[in-house]
Amino acid sequence: MLEGKVVAVTGAGRGIGRDIALLCASKGAAVLVNDLGSSTEGEGTDKGPAAEVVDEIIAAGGKAAANTASVSDPAGATSIVEDAVQNFGRIDGVVNNAGILRDRIFHKMSEIDWRQVIEVHLHGAFLVSKAAAPYFKEQGSGSFVHFTSTSGLIGNFGQANYSAAKMGIVGLSKSIALDMQRFHVRSNCLAPFAWSRMIGTIPAETDAEKERVEQLKTMGTEKIAPMVVFLLSEAAKDVTGQIFSVRKNEIILFSQPRPLRSMHKSEGWTPEAIAEEFLPSVEGSFFDLDRTRDILGYPPI
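In my numbering, the protein residues as written are 35 to 335.
Bear in mind the hints are in silico, worked out from the structure with no lab data behind them.
No false leads were mixed into what you were given.
Below, computed lysine-lysine pairings styled on DSBU-like, alpha-carbon distance capped at 30 Å:
| # | residue 1 | residue 2 |
| --- | --- | --- |
| 1 | LYS251 | LYS61 |
| 2 | LYS164 | LYS208 |
| 3 | LYS171 | LYS61 |
| 4 | LYS208 | LYS257 |
| 5 | LYS257 | LYS61 |
| 6 | LYS81 | LYS164 |
| 7 | LYS282 | LYS61 |
| 8 | LYS61 | LYS164 |
| 9 | LYS61 | LYS271 |
Turn these sequences into a full structure, and let the hints steer you where they fit.
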């Protein structure tokens, strides 16, 4: 499905990103494997993971090159795209998968915890996408696949930084889809469910949390890659601006915010009128403080 295409995958040294890189290569793409090789909290560097994935792809007869830059560094993010072009002559797809976690309950979250997660997820997705955009525009084609999360789409405890970044990515993706539609460039989001190195850092204390962890362990990272390959391929040429999720063998299309209820008052509103008239008419449609497990509480299929 990707014969002749060149794809850059960030965070591709381990877990979901690794499986995406391997499947892209097996489907004919030349793959730029980016991975800083840091810990789950973004500390340290290691060239090993990216190099190992490249070696695995080449050993299987595919084409790949490694890049170990940080997506949160403007020069590093640009080098990811430039390395793809220099090694393989073009760039056709970008998978913004790189990420870190610094989970803290909100009142204990430091500014550095906030900034570093935003920098890697949201700023990183912007920087890598921005580097690829001129190439996509010039050639009149291209596909972005950005990784979001149900922690943002639905909600979760202790992840204000991560949730905000992942919802920001949804807005970024939709804006790219709108701005670059005229150039036949597509942009979509994907929220994965899979047991990975990052997910393994989330504490599980209650019985319900432990049960959810056991469910997550049944969802392999390899289940995510086929949807990414599809979104990068010409089979998805008319798919853009959407939010998907993969949960084991289930693919989900997510809704997007739209007006739900409205109420008009010709003379305008006072605070008192809002409390007495508007609130009673709409509060039945309010959303609960749900977490992902409340909405997708059934066992993975």
